[in-house]
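Trainee: Let the sequences and hints guide you as you build the complete structure.
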Amino acid sequence: MSDTIINLTNVITVLLLLVGAFFMLAGTIGFLRFPDFYSRMHATGKCDTLGEGLMLVALIVYGGATFVSVKILFLILFILLANPTSTHAIAKAAYDVGLEPWRKLDEEVAWLNTGDTGNSDESRAGEDGGEVR
Amino acid sequence: MRIKQFAATYLIVLAFWLLLSAHFDRFHVGAGVVCSVIVAYASHDLLFKDTEKHRLTKTLRFIAYLPWLIYQIVLANIDVAKRALSPSMPIDPRVVTFKTILKSDMARTALANSITLTPGTVTIDIVDDVFYVHAIAKEPADDLLKGAMERKVAHIFMED
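Taken in order, these protein sequences are the chains called L and W. Note that our numbering numbers the first sequence so that position 47 is 47, with each residue one more than the last. Positions in the second sequence are counted from 1; adding 1000 to them yields our numbering.
Quick caveat, the hints were computed from the structure, so don't treat them as lab data. A few of these clues could be false.
[Stated by the list, open to error] Below, simulated DSSO-like cross-link-like pairs (lysine-lysine); rule was C-alpha separation at most 27 Å, straight line:
1. W:1099 x W:1058
2. L:92 x W:1146
3. W:1058 x L:71
4. W:1138 x L:92
5. W:1099 x L:92
Mentor: This is the structure in structure tokens:
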């Protein structure tokens, strides 16, 4: 009976660690792929909160009800408080310096200027009108 | 009133010391008692402000708000992970501004942090009562401007 409980604890621990690691990985990939500073803040600031949180919960499950577990619980609370605050502080610093956020529109305008997009909404509406007449 | 603030801060700090040290011999407890006096004296006016009303109700409402916030954090992570991992990378960043109805610093801080934790939005700046928010795509920005979260926070801090 106690063997089953230990196995179950181990399974839950491993699952939580894996999911946490997945979110950390997704955050890192987002950090590498996203185009500018602000969108990278989304990837790092959010995935870290849940990734670290899940990993710490895994440690609590593994450790059981001890003093160390309570300390880890406080660690989770402080991460929940500190992560958005520091994300905001860094983003504000960039904004104050005058870093312009990247816009998708600019890229589309560039595409239009090179004449590479023949399927914009206006041209399609024009074709439909022509068929009716 | 000052002595009440001091006593409350002292008890919290001392409890935290005992929790973190987890040693209950004479030296560790004694050091905790002495250090807690110093820390509580230095910071008794930070934790509790005696001008604040309905502290208990606010605390209870904030605790009731936490499960929803954690659910939103999970949604935020799935959202960002999806955008980061999908080959087409469906992002369309923009900065939106809105005027807040919240008045106290505490409520505004809570809203700013909640915005940062929820899907697709990061608070950049608060100038007077205007929030500058960076959204990663159109839908999160539209969701934010509907103001559901602002009303929740206003409810917690009794400003609705």
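Trainee: Evaluate each hint against the coordinates.
Mentor: Checked hints:
no. : hint            : result
1   : W:1099 x W:1058 : holds, 23 Å
2   : L:92 x W:1146   : holds, 24 Å
3   : W:1058 x L:71   : holds, 25 Å
4   : W:1138 x L:92   : holds, 21 Å
5   : W:1099 x L:92   : holds, 18 Å
In this structure, none of the earlier numbered hints is contradicted; all agree with it.
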